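Participant: One-letter residues, chain by chain:
Protein chains: 2
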Amino acid sequence: MTQTLSQDWKKELTDQKATYAFEEGGAKMKNILGGKGANLSEMTSLGFPVPPGFVVTTEVCNVYSALGKMPDGLGDEVLQRTEELAKKMDKKFGSSDSPLLLSVRSGARISMPGMMDTVLNLGLNDEAVKGLAKESGDERFAYDAYRRFIQMFSDVVMGLPKHEFEHLIADKKKEVGVVFDKDLTAEHLKALVDDFKDKFRKEAGREFPTDAKEQLLLAVEAVFKSWNNPRAMVYREKERIPHDLGTAVNVQAMVFGNMGDGSGTGVAFTRDYNTGEKKPVGDFLINAQGEDVVAGIRTPQPLQEMENVFPELWKELQDISTKLENHYTDMQDMEFTVEKGKLFMLQTRTGKRTAQSAVKIAVDMVEEGLIDEKTAVMRIAPEQLDKLLHPYIPEDVKKKADSEGKLLAKGTNASPGAATGIVVFEANDAVHKAHEGHQVILVRPETTPDDAHGMAVAKGILTSTGGPSSHAALVARGWGIPCIVGCEALKIDLAKKKVTVGDVTFGEGDKITIDGGTGEVLLGELELHEPTDLSPETKTILGWADQYRKLGVYANADTPTDAQRARNFGAEGIGLCRTEHMFMEKDRLPIVQEMIMIASAAESGHRELTKLEDSLKGVNKESRQHRDTSEQIAKLKAKVEKPWNKYNDLLGKLLPIQRGDFSGILEAMKGQWVIIRLLDPPLHEFLPAFGDLLVDVTRLKTLQGVDSGAYDKALSEIKARRGDDATLEQLEELLEKVESMKESNPMLGQRFCRLGIVFPEIYKMQVRAIMEAASELQKKGIDAKPEIMIPGIGSVEEMKLCRAQAEAVIAEVEKEQGLKVEHKIGTMIELPRATTVAGELSQVADFFSFGTNDLTQTTYGYSRDDAAGTFMPVYLEKEVLKRDPFQVVDRKGVGRLMKMAVTEGRESNEGLEVGICGEHGGEPESVDFCHSLGLNYVSCSPFRVPIARLAAAHAAINQA
Amino acid sequence: MTQTLSQDWKKELTDQKATYAFEEGGAKMKNILGGKGANLSEMTSLGFPVPPGFVVTTEVCNVYSALGKMPDGLGDEVLQRTEELAKKMDKKFGSSDSPLLLSVRSGARISMPGMMDTVLNLGLNDEAVKGLAKESGDERFAYDAYRRFIQMFSDVVMGLPKHEFEHLIADKKKEVGVVFDKDLTAEHLKALVDDFKDKFRKEAGREFPTDAKEQLLLAVEAVFKSWNNPRAMVYREKERIPHDLGTAVNVQAMVFGNMGDGSGTGVAFTRDYNTGEKKPVGDFLINAQGEDVVAGIRTPQPLQEMENVFPELWKELQDISTKLENHYTDMQDMEFTVEKGKLFMLQTRTGKRTAQSAVKIAVDMVEEGLIDEKTAVMRIAPEQLDKLLHPYIPEDVKKKADSEGKLLAKGTNASPGAATGIVVFEANDAVHKAHEGHQVILVRPETTPDDAHGMAVAKGILTSTGGPSSHAALVARGWGIPCIVGCEALKIDLAKKKVTVGDVTFGEGDKITIDGGTGEVLLGELELHEPTDLSPETKTILGWADQYRKLGVYANADTPTDAQRARNFGAEGIGLCRTEHMFMEKDRLPIVQEMIMIASAAESGHRELTKLEDSLKGVNKESRQHRDTSEQIAKLKAKVEKPWNKYNDLLGKLLPIQRGDFSGILEAMKGQWVIIRLLDPPLHEFLPAFGDLLVDVTRLKTLQGVDSGAYDKALSEIKARRGDDATLEQLEELLEKVESMKESNPMLGQRFCRLGIVFPEIYKMQVRAIMEAASELQKKGIDAKPEIMIPGIGSVEEMKLCRAQAEAVIAEVEKEQGLKVEHKIGTMIELPRATTVAGELSQVADFFSFGTNDLTQTTYGYSRDDAAGTFMPVYLEKEVLKRDPFQVVDRKGVGRLMKMAVTEGRESNEGLEVGICGEHGGEPESVDFCHSLGLNYVSCSPFRVPIARLAAAHAAINQA
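These protein sequences, in sequence, are chains A and B. For the first sequence, numbering that gives the first Met the number 0 begins at 0 and goes up steadily by one. For the second sequence, numbering that gives the first Met the number 0 begins at 0 and goes up steadily by one.
A hint or two may mislead.
Note: identical chains are not told apart, hence a pair may lie in one copy or across any two.
DSS-like cross-link-like pairs, simulated, lysine-lysine; straight-line CA separation at most 30 Å [to be verified]:
hint, residue 1, residue 2
1, Lys823, Lys881
2, Lys877, Lys645
3, Lys700, Lys741
4, Lys634, Lys496
5, Lys881, Lys741
6, Lys881, Lys636
7, Lys700, Lys736
8, Lys198, Lys634
9, Lys877, Lys741
10, Lys278, Lys351
11, Lys634, Lys490
12, Lys712, Lys700
13, Lys212, Lys339
Since the hints were made in silico from the structure, they are not lab data. Model, not experiment: these values are computed from the prediction.
Build out the structure end to end from the sequences listed, making use of the hints.
Facilitator: Following this line, the structure appears as structure tokens:
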């Protein structure tokens with residue numbers, strides 16, 4: 000938008016309109032009216048009791064942002080609308096005679112609770128306050144409203160320090176000798192208003208604006224400005240809300256919930272946001288303004304208590320609730336105020352809810368006939384399901400903790416899931432400690448939008464005040480962070496960074512565990528478990544999702560347990576069974592290490608030998624060449640025989656172990672495909688760390704001959720740590736070996752299928768183990784379906800060679816076992832070069848599986864192991880990267896290469912099976928992309944299988 | 000080819016013919032007749048004295064290879080041709096009456112000297128030998144021919160051990176009491192023939208074939224077989240000759256150079272293959288067969304001496320030489336035999352020559368009007384020019400070596416260039432040592448084709464026998480390896496692996512230096528220099544090449560010296576000036592190290608500070624937010640100020656140094672573009688090695704408190720080695736820093752433009768240094784033209800950010816200096832992702848430069864630092880890779896991405912300058928590819944600039 004807007008800005012607006020009275024708008028106009036404005040309009044149209052008002056559109060906010068000032072003529076229009084409003088109310092704006100008071104609130108298209116600014120009681124001045132006093136018959140109320148307005152206006156519109164006004168109140172209370180605000184009389188408040196105005200004059204360098212019109216225009220501008228305040232920016236980034244949506248401004252006639260005990264205010268949900276149960280829940284406060292509920296300063300009553308206090312209004316509210324839910328066909332989150340016995344609806348919006356609640360509500364609403372199955376599926380954000388699989392404290396762990404007296408306190412269960420971590424008290428500390436790799440629990444009296452960045456990185460949130468609608472609770476639920484609020488037993492000393500609960504004191508850095516589902520706070524780090532099954536409602540939703548999705552959903556699993564878990568979660572196959580973890584297991588590692596230490600000598604000798612033997616083919620036995628070569632062969636054989644035999648012995652030991660590994664997984668997944676990846680990581684990863692060895696050897700060599708006592712002591716320390724009986728000579732030999740295998744860039748080194756080409760015996764052993772396991776199962780009548788995946792293919796020649804090697808072994812096993820096992824041989828596509836030759840590659844591969852971790856690594860040239868500790872945080876901060884490409888697949892670069900591979904791979908092999916087994920396979924946006932590529936399946940960790948199923952359905956529906 | 004060939008194989012042949020009499024063929028039929036056969040046919044047609052014969056085509060060889068046996072009917076056809084030949088010669092094949100004797104020789108399309116087999120004197124048996132004796136009037140000659148034939152046939156055709164026959168000769172000489180072969184009489188030889196036949200019977204298990212027809216067919220088959228013998232395969236691989244060309248078989252009537260002193264044999268070149276001078280050179284041996292010259296067993300006379308011996312024949316040979324050269328318009332390499340005063344031409348072919356000779360001949364032939372300039376340009380293989388830039392021994396080094404008595408001996412200068420390295424005696428040892436990273440000089444009495452693999456890896460070759468046409472000399476010249484032959488002063492003891500020259504003895508592993516240009520052998524390792532200029536002829540050729548080429552040729556140079564050298568060699572700009580080497584220089588490294596150690600703290604603190612300061616913008620000064628943030632800022636400032644100032648101080652020290660670096664290069668290249676790459680490698684590369692530090696610290700910590708004497712000693716050792724006064728505490732701190740900066744995969748880590756984004760001050764300093772240097776030069780009237788290259792861009796956002804950063808500095812410098820400097824800002828394309836977003840990237844980059852080293856690394860996922868030591872040799876051996884993609888650009892994968900980048904980059908920025916600065920930029924095949932991509936220039940090391948100029952011309956002509 001350019002400066003020309005200043006004149007013609009209205010022409011660019013929808014219908015060329017900058018403001019809408021509530022009667023003119025509706026729910027469908029969310030984009031320009033914002034959520035709040037659209038719903039207030041809708042409720043007005045539906046005939047519910049909404050205080051009248053109008054909306055300045057989000058588009059005007061964008062004009063404001065572009066211009067950096069209020070657009071020409073906007074002020075006049077706002078004042079014109081206000082005049083109309085006054086007329087409607089039969090009041091006068093800024094007048095002492097029946098003054099019109101206004102609330103000025105922000106309202107973006109997507110709700111950003113508490114992120115932007117609000118001014119209440121606007122329109123009060125020295126004259127109007129008298130009118131309010133007269134009209135309400137309560138002078139104290141009027142002056143309290145006035146002083147609140149000045150305080151709020153000073154803070155929100157002028158940015159003056161709120162606490163200075165709080166000091167003045169405190170001073171006043173001291174001066175007149177009272178303890179509570181409510182004990183200040185009208186006279187005291189009058190004096191306080193004068194003090195406030197003096198303070199305002201001093202701080203702002205001008206008189207407090209008494210002109211109601213000026214107040215209004217400044218407030219509207221403040222709301223516009225608040226769109227780009229830092230906390231709003233942080234929130235939008237976390238929530239991935241575009242920065243260019245803008246906020247609308249809702250100008251509405253005030254109603255007062257603080258006009259005595261016949262007044263009140265509350266928040267009501269049509270169903271339980273925690274469980275999804277169909278019953279009204281919420282908070283209610285008598286004689287309070289709405290902000291008091293949200294701010295979490297006063298702990299409110301449960302909503303139901305309203306039935307006792309205002310039985311008629313309760314009925315009316317229930318009626319409105321039902322109608323609204325039916326109208327919107329979704330659970331509603333409403334704000335209401337009771338002013339002297341009259342109910343006013345101040346807001347309705349789709350209610351935030353826990354994942355569990357979301358699922359139950361969606362399923363219930365289908366049963367109730369409110370929505371159809373497809374709508375139900377689309378109601379659940381895939382990522383939300385992760386919350387259903389939150390860690391929990393196992394029964395026995397809990398019992399033990401209880402018996403040990405670890406239970407400290409119980410608060411309100413505000414967001415489910417258990418979390419354990421170190422205590423921090425400040426948002427900045429949370430960020431700092433999380434960055435260092437700690438899991439942190441943010442503990443505070445209450446949270447405010449200023450704490451958003453700290454909350455975003457916390458594993459759990461714990462507050463001592465506030466109810467389930469408090470800021471902490473709302474945000475935690477939205478982000479799926481376990482949270483307990485209102486845990487009043489905690490005495491938090493922020494200055495000392497200490498918490499006292501009864502006679503226990505803990506502080507920053509101490510470990511605690513919280514259970515957001517029960518509200519329990521426990522001392523120390525408790526062992527948390529992952530859930531193994533889904534609720535019936537979740538299964539129902541996922542069953543519906545399965546009808547829509549086109550993508551298969553496989554799981555990445557290396558053990559029978561994981562495989563079984565994945566199957567329980569709905570996996571239809573194993574997309575990635577890594578074999579390296581099997582090598583790492585304690586009982587095997589010594590064999591693996593020994594094998595690796597001689598692999599190179601054995602294989603290279605064998606290779607040399609084979610080459611020489613091949614060179615003899617067709618050569619006359621009496622020629623010089625034959626004689627010379629035969630001599631060379633004999634010499635080489637003598638040298639190679641020992642390592643070669645040892646190597647094969649060790650591989651022979653590994654074979655039955657591997658066979659057992661594969662047998663377990665193939666059995667767990669019987670009838671489904673199991674893609675087993677042959678060994679992939681650099682071999683030296685299995686050897687001991689270089690640095691440790693270097694230190695050990697250096698220590699011993701330094702002490703040798705210098706101090707034999709110290710030497711012996713060092714050696715026995717080293718032996719004890721290593722758990723073996725190594726001598727210095729052996730350690731030196733090991734060090735030399737490890738050093739010789741060190742690579743500058745192991746991620747680009749001796750790994751992938753390169754292992755299978757340089758060390759063919761290892762791959763052969765693995766293929767044999769797979770095929771033997773499958774054959775044995777088949778003999779038992781178990782349908783084992785292995786797919787052999789060759790990792791890191793970059794050229795067609797590699798694939799041909801590895802395939803031929805594997806097929807030779809398979810043929811051997813088939814012959815030995817006397818049966819054939821259905822199988823496939825394919826490759827991971829994880830190097831850019833593979834994508835460029837996919838058309839040829841698919842002619843020798845039965846399947847492709849995108850290894851997007853490595854593909855992202857090589858396409859970007861980002862080391863995944865290093866990026867997070869070096870440039871990645873700066874890149875994200877400077878928005879060089881909008882997202883971490885290791886988390887969300889980069890469609891433009893990596894995705895383009897993937898598309899090339901799919902298209903060209905299928906062109907020359909129509910039946911090519913293509914999937915993805917990188918971590919992106921369980922990330923909803925990436926799943927969406929995989930659907931658009933037409934992949935056969937996505938594969939992800941067992942816990943993400945439900946997410947992937949749902950995401951796949953979303954993708955299919957969205958892209959249909 | 001399939002088995003059906005057995006019947007119908009002839010139908011698949013050109014003109015359906017399997018054999019051609021010489022009269023039927025011609026030079027244009029090289030593909031089917033092979034080089035030798037085609038040229039014998041051509042000479043026959045031209046009326047030169049060629050012994051009659053016929054050719055079995057190369058296509059028949061391929062049929063043979065496919066069938067694994069002689070095709071049906073081929074034998075009959077060969078015998079039919081032989082009958083015709085006998086008739087033409089008025090002789091009878093296999094008869095005692097005027098027997099026809101034949102030579103059977105291989106002859107491929109591309110010459111493979113000595114690689115395949117030959118049988119001479121074929122047709123001899125117990126009857127025919129009598130006829131030969133009668134006809135020649137020399138019984139001794141006849142039986143000598145017979146025993147030679149049996150020996151050759153046994154070796155070549157039957158593969159029997161040659162040395163066993165040599166033993167029989169030795170036994171015979173002992174028995175009759177003579178020393179030399181020539182002293183054996185006809186009777187002795189007759190007896191020897193019987194011994195030979197006995198031996199044959201014993202070894203081969205059959206009688207020696209007396210049927211001439213059988214002899215012939217077995218010999219033809221032996222030639223076919225020899226096409227795929229191991230040494231031929233090795234040769235073809237080294238020379239990149241396809242394996243499916245096949246060899247022809249030339250069957251030709253024998254002439255004898257060993258019929259007494261009126262006979263002889265020789266090799267003649269029409270011009271000097273060493274210098275290119277227009278004068279006949281070659282070798283000549285009286286009373287010898289042709290093989291004796293090539294075998295290097297007898298050291299022959301220079302060709303010119305023939306003028307004295309056979310003045311008439313000399314004239315005839317000169318006449319034929321001139322006619323052949325004019326006919327073929329190229330320098331010829333001819334074999335001839337004089338039989339009892341009559342000259343026979345046995346072969347003519349394009350003569351191999353040194354690079355220097357090739358260039359001179361091409362230029363001379365243009366002057367002589369024999370060829371045009373384009374032909375001259377195409378006559379020089381670009382890679383050959385590398386030989387003109389061979390290292391040499393500088394005058395002073397040579398003088399010093401001489402004065403120190405290092406000159407050991409002088410042999411024949413067989414292939415120019417100096418080489419230094421360790422002595423090896425066996426081809427296998429050469430390969431082994433070269434693989435270990437040694438430069439080796441292969442020292443042997445003589446070489447044979449069996450040594451080819453060792454010669455291929457040698458830096459120099461030295462033989463004690465043989466002349467300039469010996470195997471060693473021919474191969475060395477062809478491959479451009481410095482070589483000395485016939486250095487008879489060397490007494491080589493192969494068994495002991497020792498050489499004695501006078502009273503000096505040296506052996507395996509000792510260092511020597513040879514000068515193939517002078518024939519001098521020197522003891523020890525001499526310092527070699529690189530040449531700085533080109534010969535006038537080379538300049539002429541390159542001048543012609545420049546007319547044809549479309550690609551610009553730039554050089555990679557980091558210093559003014561290199562830049563000047565590049566300019567001398569014809570560089571038209573600098574395509575890559577790396578700035579990291581400048582950081583490494585001794586006087587700067589301490590500053591750089593100190594700078595790096597605090598860079599992170601300084602930059603991150605500064606970043607945090609800027610962020611906080613930005614967050615204050617528009618926030619009221621009295622707000623809580625303002626107050627809190629201001630407090631934070633103050634705290635942070637106190638913490639950051641010191642490192643920030645120190646950091647800037649250090650950068651301030653580097654600035655004038657860098658300015659000086661750039662000034663020198665820009666001045667050397669005045670008027671031409673100089674592309675300067677901002678800092679690229681991981682910063683930790685500038686820090687001390689982790690392992691060393693770890694050892695130092697561990698040693699000291701181990702001794703601390705254990706043995707104070709040993710501790711002090713260790714510390715002073717460490718201090719002495721480091722050249723500083725570090726304490727244990729300082730070393731520990733340094734170790735911690737180095738460890739914290741260690742990356743798992745530095746090639747994919749904190750490097751590239753990531754440095755400029757995480758540490759902007761470093762890039763800013765560099766940009767300032769460049770622009771200040773250019774400004775200062777401009778003020779002096781020197782036309783400095785810098786291009787600023789941002790390395791490792793992967794996303795458009797990176798480029799935008801780095802460009803904006805650079806432009807801000809440029810604007811500052813322009814303001815300070817009061818002038819504008821013409822410049823460009825572009826990027827290296829060295830990550831696959833850059834190629835996928837090239838269309839967007841070119842909108843914010845003035846130029847692209849392909850960094851094909853890194854692009855190959857990431858596209859293949861091959862670490863360049865590790866591949867050679869791990870899988871690459873196996874890959875090349877197993878032909879998983881045909882070539883090392885770090886040497887020759889991989890067109891299919893990397894090339895495809897390059898093409899995408901060029902096409903899409905230019906689509907959105909028509910004027911985009913695109914070049915290449917990876918090492919491929921000087922490799923002829925890669926240059927050819929760059930031409931096909933339509934790049935603006937290639938950039939390579941200064942020494943490869945001439946090669947690139949010529950390669951670019953070749954590409955333009957070939958692709959026209």
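Participant: Against each hint, give a clear statement of whether it holds in the structure.
Facilitator: Do the hints match the structure? See the list:
1. When the C-alpha separation of Lys823 and Lys881 is checked against a cutoff of 30 Å, the pair qualifies only between copies, where the shortest distance is 28 Å, while the shortest distance within a copy is 38 Å.
2. Taking CA atoms no more than 30 Å apart as the test, Lys877 paired with Lys645 passes between copies only; the shortest distance there is 25 Å, against 55 Å inside one copy.
3. Taking the closest pair of Cα atoms, Lys700 and Lys741 come within 30 Å of each other both inside a single copy (22 Å) and across two copies (26 Å).
4. In the homo-oligomer, the alpha carbons of Lys634 and Lys496 lie at most 30 Å apart only across protomers (19 Å), although the nearest pairing inside one protomer, at 75 Å, exceeds that limit.
5. For the homomeric pair Lys881 and Lys741, the shortest alpha-carbon distance between copies (27 Å) is at most 30 Å, but the shortest distance inside one copy (35 Å) is not.
6. Taking CA atoms no more than 30 Å apart as the test, Lys881 paired with Lys636 passes between copies only; the shortest distance there is 29 Å, against 59 Å inside one copy.
7. Taking CA atoms no more than 30 Å apart as the test, Lys700 paired with Lys736 passes in both settings, with 18 Å inside one copy and 25 Å between copies.
8. Within a single copy, Lys198 and Lys634 get their C-alpha atoms only as close as 100 Å, which misses the 30 Å cut-off; across copies the closest is 29 Å, which meets it.
9. In this homomeric assembly, Lys877 and Lys741 come within 30 Å of each other (Cα to Cα) only across copies, at 24 Å, whereas the closest approach inside a single copy is 35 Å.
10. Only within a single protomer do Lys278 and Lys351 lie at most 30 Å apart by alpha-carbon distance; the minimum there is 15 Å, versus 98 Å between protomers.
11. For the identical chains of this complex, Lys634 and Lys490 are inter-copy neighbours only, at 28 Å across copies versus 81 Å inside a copy, given an alpha-carbon limit of 30 Å.
12. For the homomeric pair Lys712 and Lys700, the shortest alpha-carbon distances inside one copy (13 Å) and between copies (15 Å) are both at most 30 Å.
13. Proximity of Lys212 and Lys339 under a CA criterion of 30 Å is satisfied intra-copy only: 28 Å inside one chain copy versus 129 Å between copies.
Of the numbered hints given earlier, the model fails none.
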